[in-house]
Amino acid sequence: MRNEQRTVLLLTGGILLPAAFFFSVTADLPHVLLLTLALLAGEFWWGKFFRPGDRTIIYSALSVAVLTVLFNYLFPLKNGRFGFLSFFLRPALLVPALLYAAALAANFARNRWRFGVAGAAGLGALTCGSDLQLARIPEFERLIGGEALLAVFPWFFGVSIALTLGGFLLALRYDRGAPGGNWRKRGVLALALLLIGGLMAGLFALYRRHEPEIRKLELALLRIGFRQLLRPAGGRTVFGREVDLNTTLRPEIRSDTRRIVFRVVGPSAPGYLRGRVFVRYDDGIWRNPDDTPRTLGGLLGEGVRADRYFSLDGGESRPPVTFEIFASPVLQTSLLFIPGAATGLELIAEELSVSPDGMIEASEFLREGGVSSFQAQPGPEGAGQLALEPVSERYLAVPESLRNPLQEVAREALTGREAADQEVFRSFLNFFHRRFHYSLEPDPDREGDPVAHFLRRSRRGHCELFASALTLLLREQGIPARYVTGFLCEERHPLGVYYLARLGNAHAWVEAYDRQQQRWVLLEPTPPGSALEPASWGDDLETWSDCGSLWLQQLLSDLRRGRYAMAVINTLRLFGSALWTLVADPLRGGGLALLLVLLIGWFRRRRHRRRETLDPAAEELRRLFREYRRFRRIRTEWTARQLELRGYDPEFLKHYQELRYRAEPPTPAELAALTAELALLRRQQKTK
Amino acid sequence: MIGAMYKRLMERFLDGPEFFPLRSRTSSPWQYRSATLALFAWSRGLAERFLTPAALALLPMTLLVLFYGSLAMNSPGRVLLLVIFAPAVVELGFGFWFRVRCRVRRRGPERVRAGSEFTLEYELENRRRVSGYDLECDPFPYAEGLRQLRPARLGRLPGRGRARIAGSWLAERRGVYRLYRPWVESSFPLGLLKWSCRGRAGEGRDRLVVYPAYMPLTRFELPVGRLSQRSGLANLARVGESPDLLGTREYRDGDEVRHLDWPGSARRGKLVVKEFEEEHLKRVAVLVDTQLPPNRFRWRSRRQAEASLEAALSLALAITEYLVKTEAVVELFAAGPELYHLSLGRNLSCLDQVCDILAGVEPTADCALDKLAPEVFSQLVEVGGAVVLLLGVDPARRKLVERLQHAGVAVRVLVLSEQPLELPEAWRPVAPTAVLNGAVRSL
Numbered sequence: 016m017r018n019e020q021r022t023v024l025l026l027t028g029g030i031l032l033p034a035a036f037f038f039s040v041t042a043d044l045p046h047v048l049l050l051t052l053a054l055l056a057g058e059f060w061w062g063k064f065f066r067p068g069d070r071t072i073i074y075s076a077l078s079v080a081v082l083t084v085l086f087n088y089l090f091p092l093k094n095g096r097f098g099f100l101s102f103f104l105r106p107a108l109l110v111p112a113l114l115y116a117a118a119l120a121a122n123f124a125r126n127r128w129r130f131g132v133a134g135a136a137g138l139g140a141l142t143c144g145s146d147l148q149l150a151r152i153p154e155f156e157r158l159i160g161g162e163a164l165l166a167v168f169p170w171f172f173g174v175s176i177a178l179t180l181g182g183f184l185l186a187l188r189y190d191r192g193a194p195g196g197n198w199r200k201r202g203v204l205a206l207a208l209l210l211i212g213g214l215m216a217g218l219f220a221l222y223r224r225h226e227p228e229i230r231k232l233e234l235a236l237l238r239i240g241f242r243q244l245l246r247p248a249g250g251r252t253v254f255g256r257e258v259d260l261n262t263t264l265r266p267e268i269r270s271d272t273r274r275i276v277f278r279v280v281g282p283s284a285p286g287y288l289r290g291r292v293f294v295r296y297d298d299g300i301w302r303n304p305d306d307t308p309r310t311l312g313g314l315l316g317e318g319v320r321a322d323r324y325f326s327l328d329g330g331e332s333r334p335p336v337t338f339e340i341f342a343s344p345v346l347q348t349s350l351l352f353i354p355g356a357a358t359g360l361e362l363i364a365e366e367l368s369v370s371p372d373g374m375i376e377a378s379e380f381l382r383e384g385g386v387s388s389f390q391a392q393p394g395p396e397g398a399g400q401l402a403l404e405p406v407s408e409r410y411l412a413v414p415e416s417l418r419n420p421l422q423e424v425a426r427e428a429l430t431g432r433e434a435a436d437q438e439v440f441r442s443f444l445n446f447f448h449r450r451f452h453y454s455l456e457p458d459p460d461r462e463g464d465p466v467a468h469f470l471r472r473s474r475r476g477h478c479e480l481f482a483s484a485l486t487l488l489l490r491e492q493g494i495p496a497r498y499v500t501g502f503l504c505e506e507r508h509p510l511g512v513y514y515l516a517r518l519g520n521a522h523a524w525v526e527a528y529d530r531q532q533q534r535w536v537l538l539e540p541t542p543p544g545s546a547l548e549p550a551s552w553g554d555d556l557e558t559w560s561d562c563g564s565l566w567l568q569q570l571l572s573d574l575r576r577g578r579y580a581m582a583v584i585n586t587l588r589l590f591g592s593a594l595w596t597l598v599a600d601p602l603r604g605g606g607l608a609l610l611l612v613l614l615i616g617w618f619r620r621r622r623h624r625r626r627e628t629l630d631p632a633a634e635e636l637r638r639l640f641r642e643y644r645r646f647r648r649i650r651t652e653w654t655a656r657q658l659e660l661r662g663y664d665p666e667f668l669k670h671y672q673e674l675r676y677r678a679e680p681p682t683p684a685e686l687a688a689l690t691a692e693l694a695l696l697r698r699q700q701k702t703k
Numbered sequence: 009m010i011g012a013m014y015k016r017l018m019e020r021f022l023d024g025p026e027f028f029p030l031r032s033r034t035s036s037p038w039q040y041r042s043a044t045l046a047l048f049a050w051s052r053g054l055a056e057r058f059l060t061p062a063a064l065a066l067l068p069m070t071l072l073v074l075f076y077g078s079l080a081m082n083s084p085g086r087v088l089l090l091v092i093f094a095p096a097v098v099e100l101g102f103g104f105w106f107r108v109r110c111r112v113r114r115r116g117p118e119r120v121r122a123g124s125e126f127t128l129e130y131e132l133e134n135r136r137r138v139s140g141y142d143l144e145c146d147p148f149p150y151a152e153g154l155r156q157l158r159p160a161r162l163g164r165l166p167g168r169g170r171a172r173i174a175g176s177w178l179a180e181r182r183g184v185y186r187l188y189r190p191w192v193e194s195s196f197p198l199g200l201l202k203w204s205c206r207g208r209a210g211e212g213r214d215r216l217v218v219y220p221a222y223m224p225l226t227r228f229e230l231p232v233g234r235l236s237q238r239s240g241l242a243n244l245a246r247v248g249e250s251p252d253l254l255g256t257r258e259y260r261d262g263d264e265v266r267h268l269d270w271p272g273s274a275r276r277g278k279l280v281v282k283e284f285e286e287e288h289l290k291r292v293a294v295l296v297d298t299q300l301p302p303n304r305f306r307w308r309s310r311r312q313a314e315a316s317l318e319a320a321l322s323l324a325l326a327i328t329e330y331l332v333k334t335e336a337v338v339e340l341f342a343a344g345p346e347l348y349h350l351s352l353g354r355n356l357s358c359l360d361q362v363c364d365i366l367a368g369v370e371p372t373a374d375c376a377l378d379k380l381a382p383e384v385f386s387q388l389v390e391v392g393g394a395v396v397l398l399l400g401v402d403p404a405r406r407k408l409v410e411r412l413q414h415a416g417v418a419v420r421v422l423v424l425s426e427q428p429l430e431l432p433e434a435w436r437p438v439a440p441t442a443v444l445n446g447a448v449r450s451l
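Chains A and B are the protein sequences, given in the same order. Throughout, my numbering is defined as the position within the first sequence, counted from one, plus 15. Throughout, my numbering is defined as the position within the second sequence, counted from one, plus 8.
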């Protein structure tokens, strides 16, 4: 039995260890190999199989889980080490778990699956470990000599595959092969192995020779496949790198305006979430010049924190007002949508790129971690203050073809008595709010420049036209202005726990530089009442379901960022708020209270034991018996008769039973006699 | 007709594959068989028919690698597709060439004792010219109570050749087991894909009875009943078939003419008949309680309860054997799921039948003794004493014992339970583990 066990472990090691070594090198996680080896060695030393049972299985599964999570926590996998596959899987968790599980599974008695599981673990390790970007050999922090092996990666990979496959086939022979057979059988086996090797080499050579054609075919198939995959899912970006006023809103977005794209937890509604900023306008299209953004490095959180704090204004302390912003996966962009007044950000990203106009993109951004935005004061109308030179030409450029129409409209809008920029802003805003109408419908009669048509003829349009018109009008007056797109987040969740922005809340507005106050201000030219109507939350289920979505996003964010205490606090806070909302309603609260009272009453009735109404003498007998059991240290619930049969003090027990079970209750004298008998037993016990 | 065919097909579907049987209708207390479970059984059965456990374990990872390889075009991991593809092709090709086609017959014992090892022999005859390699007979488990100790394997069966191999099993649990048709498979050369063939139905042993293991008793106190023993009175004298001559008496109308004692009649001058002593037969009833609580949610308590039942059956067999050896006539009553009544001793039956019956007894959720009572009380005229083996104590059981006692039957009650119970006087507790360990030799 011992020999069989050790043979099995050696064969399993032959499958697992080459793959574990390969993964340890490519992932720079030497502990994976060491732990796999340690588990196998431990079982080798143990010398016998585990008996399959609930305990052994549960303990093994727990050991795998603890080892995997603990060592991943101590030695995490560096981001960006692996490529595409890590998007779907978590190689740092999956591969070690498979390897440890296979190592433990091999030592279970009568386990027909052991070698298959080991083979699967080895294959998984090779697959995940090979998903490297070989153009740049990654750095090694833990494993010495890793670079040398990766420098000869094809050989390293090939040898690992060969050893793992060879070990697997050998193990299968041991498991399935029957004794007996002659040279013919061995010959057939050898031929099969040779054919495998030959086939692999031949197919590999064939693939390399026709690789371009094969890839073309695959790409064509992939394109078809992805188109089908992505179409219904709606993974689309709302804001591209250009805004074309000549086109209307895409139908699939118009039909899906209710979809929630942001949930924001904060002291008040965050208001305008600033996304892209555009400065150049030509023929109905807003574009941006090719600016070089400045890179902002962040301060990594302490301890287990995985996020970084980025100060946007160079300040060292964090402003007091925080908004926690959670984006929906429907927004596939690395652009950050944050309140304009934000001066600090905290998120899981390597670095931020800040454009001269204050657009912020994050690299290696983990969306699930959410974004914390910090600002000095709450307020919905913060304009981004990050700009290189406010009075730069980039913010004053107006196309020549629009100068005349703009001057015409400006003469209409302004009184001529505006002394300060603030008054100019007010005049223009009043002009738009009184003389223009909001509409999403395209104008079939439009011709020429959309802004000119909007200003002169139709005076009806959507927010992009309003914002574009105001921007150009202000520039024509010599006031620096820029066109900003983002989301309007003012809708409060019925439970009051957070605010949300929907797809239909996508919006465009203007930021203008007040030369007197020397600051950027946010201007809203779109008439009031044009925003998306607040959602009518259909029923409680929808309300609570969305609350649950927020809780999940928040929990995931806290866990990913290492804010474990906050995860607990936020969970309790959210549930507390939700519970308070539930009970604060008189009808619901009253109903719940009544239900609770009924439940408690029912529960107590169920647990209530019917006690026999014994007379005092019988109670006294029961008490004596309990004392006897304590004295003899009898823990099992045996009756007096059972104890008597088992030889415990038969005289005393017989006497007790006579008194206890007869019809007439015992007299005080009889009770006293029994008590004395018990005392005698105690004395006898002591003298022994 | 279509309805009948559909019903048959559905029954067959719900039975599950031959080598992956689901519980039969009669054994389920709820008379319901799950189609979902049957679908799972068939899926698993089909998978296990063509793929070895190693291949099945590799399957999910293989699919992952295929998915990954189809998308990550620049990754070196695509080579792993070849690592999967090449052995699969070789396995398929070689496996098909050397696939097994043979006639197989199986021989083995008809009944074995629980806990004992037994051997099954297989005769193989290769119907192809190509040799078969790495053959294994009956690779799937028969049932939960039969564990394979040594598989029946053969390294090589020459083309058109014959061979005989044997495998050994351990009968862990009592029961009547139906063995699936003899099965031979080979996963040569790599051990990933299986090729198999089956023997014909009826060729060889397909049923195995595993009777309860028991330890013979050295002493057992019989219950003494007033029906069979009348102290102070002579045994009843009756003209009968007994060989023991008691004496002679005058002939009376109605006596058998063939019992006339002619010499005596000649001596006396009047007709005299021989008188034989009525055999004093000890008739003891053995009642086995099979009622177990249908507590399906508490697995551990169910296991303990089943152990009690096994101990009860084992003890019943031991008591029956003891009584038969002491020349008593034993009336064995057991219920579950059918009602069993067997008379034993004095050439009335043999112990093998008892083994077969007790092997097939199943626990019931209903009160088994209620089913037994009519049959038992109809036989009471002949029975002097009764041994009642109970699995618990409840009002119904107490009532049965009291009825027996009121009917004048001397009753000895043995209660098999690990839990401590409050028992009436004269009821004796017996630990099931002690019975199953063979520690109970005297009662």
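Warning: the hint list may mix true and false statements.
[Stated by the list, open to error] Computed cross-link-like contacts, DMTMM-like style, restricted to lysine to aspartate or glutamate with a CA-CA straight-line distance of at most 20 Å:
id	chain 1	residue 1	chain 2	residue 2
1	A	K669	B	E133
2	B	K15	B	E26
3	B	K333	B	E229
4	A	K93	A	D69
5	A	K200	B	E26
6	A	K669	B	E433
7	A	K200	B	E99
[Stated by the list, open to error] Pair ranges (Cβ atoms, derived):
id	chain 1	residue 1	chain 2	residue 2	range
8	A	V84	B	R113	52 to 62 Å
9	B	F58	A	W559	40 to 50 Å
10	A	S560	B	P159	37 to 47 Å
11	A	E673	B	Q413	39 to 49 Å
12	A	W198	B	V97	49 to 59 Å
13	B	F58	A	W198	24 to 34 Å
14	B	W105	A	R223	26 to 36 Å
15	A	S560	B	W105	33 to 43 Å
[Claimed, not checked] Reference excerpt, derived from the structure (chain A facing chain B, CB under 10 Å, subset only):
id	residue
16	R188
17	Y579
18	M581
19	I584
20	L587
21	Y663
22	D664
23	F667
No wet-lab data here; the hints were simulated from the structure. Remember, predicted model here, so these are calculated numbers, not experimental data. For glycine and all other residues, C-beta sits at the position ideal for the given N, C-alpha and C.
Here is what the structure says about each hint:
1. Restraint check for A:K669 and B:E133: not satisfied, since their Cα atoms lie roughly 74 Å apart, outside the 20 Å limit.
2. A C-alpha spacing of about 18 Å is found between B:K15 and B:E26, which places the hinted pair at or below 20 Å, so the restraint holds.
3. Taking the CA atoms of B:K333 and B:E229, the gap is about 14 Å. The hint holds against a cut of 20 Å.
4. This hinted pair does not check out: A:K93 and A:D69 have alpha carbons roughly 37 Å apart, beyond 20 Å.
5. Between A:K200 and B:E26 the alpha-carbon distance is near 32 Å, which puts this suggested pair outside the 20 Å criterion.
6. Straight-line distance between C-alpha atoms of A:K669 and B:E433 comes to about 12 Å, which keeps the hinted pair within the 20 Å bound.
7. Only pairs whose Cα atoms come within 20 Å are accepted, and A:K200 paired with B:E99 is accepted, the gap being roughly 15 Å.
8. Between A:V84 and B:R113, the C-beta spacing of about 55 Å keeps the proposed range 52 to 62 Å intact.
9. About 49 Å separates the C-beta atoms of B:F58 and A:W559, a value consistent with the hinted range of 40 to 50 Å.
10. Between A:S560 and B:P159 the beta carbons are some 55 Å apart, a value that contradicts the proposed interval 37 to 47 Å.
11. Look at A:E673 against B:Q413: about 23 Å separates their beta carbons, and that is not inside 39 to 49 Å.
12. Distance hint check: the CB atoms of A:W198 and B:V97 are about 25 Å apart, inconsistent with the given range 49 to 59 Å.
13. Between B:F58 and A:W198 the C-beta distance comes to about 30 Å, which sits within the given range of 24 to 34 Å.
14. Range check, B:W105 to A:R223: about 30 Å between beta-carbon atoms, so the 26 to 36 Å window is met.
15. At roughly 60 Å, the beta-carbon separation of A:S560 and B:W105 lies outside the given 33 to 43 Å, and the hint is violated.
16. The interface hint given for A:R188 holds, since its Cβ lies 7 Å from the closest Cβ of chain B, which is under the 10 Å cut-off.
17. With a cut of 10 Å, the hint placing A:Y579 at the interface with chain B is violated, because the nearest CB-to-CB distance is about 31 Å.
18. Hint status for A:M581: violated, given a least beta-carbon distance of 35 Å to chain B, over 10 Å.
19. Checking A:I584 against chain B: minimum C-beta separation of about 38 Å lies over 10 Å; hint violated.
20. For A:L587, the shortest C-beta to C-beta distance to chain B is roughly 33 Å, which exceeds 10 Å, and the interface hint is violated.
21. A cut of 10 Å between beta carbons decides the hint on A:Y663: the least distance to chain B is about 13 Å, and the hint is violated.
22. The restraint placing A:D664 at the interface with chain B is violated, with a minimum CB-CB distance near 17 Å, outside the 10 Å limit.
23. A hinted interface residue such as A:F667 counts as satisfied when its beta carbon comes closer than 10 Å to some beta carbon of chain B; here the least separation is about 18 Å, so the hint is violated.
The structure fails to meet hints 1, 4, 5, 10, 11, 12, 15, 17, 18, 19, 20, 21, 22, 23 from the earlier list, while all remaining hints are met.
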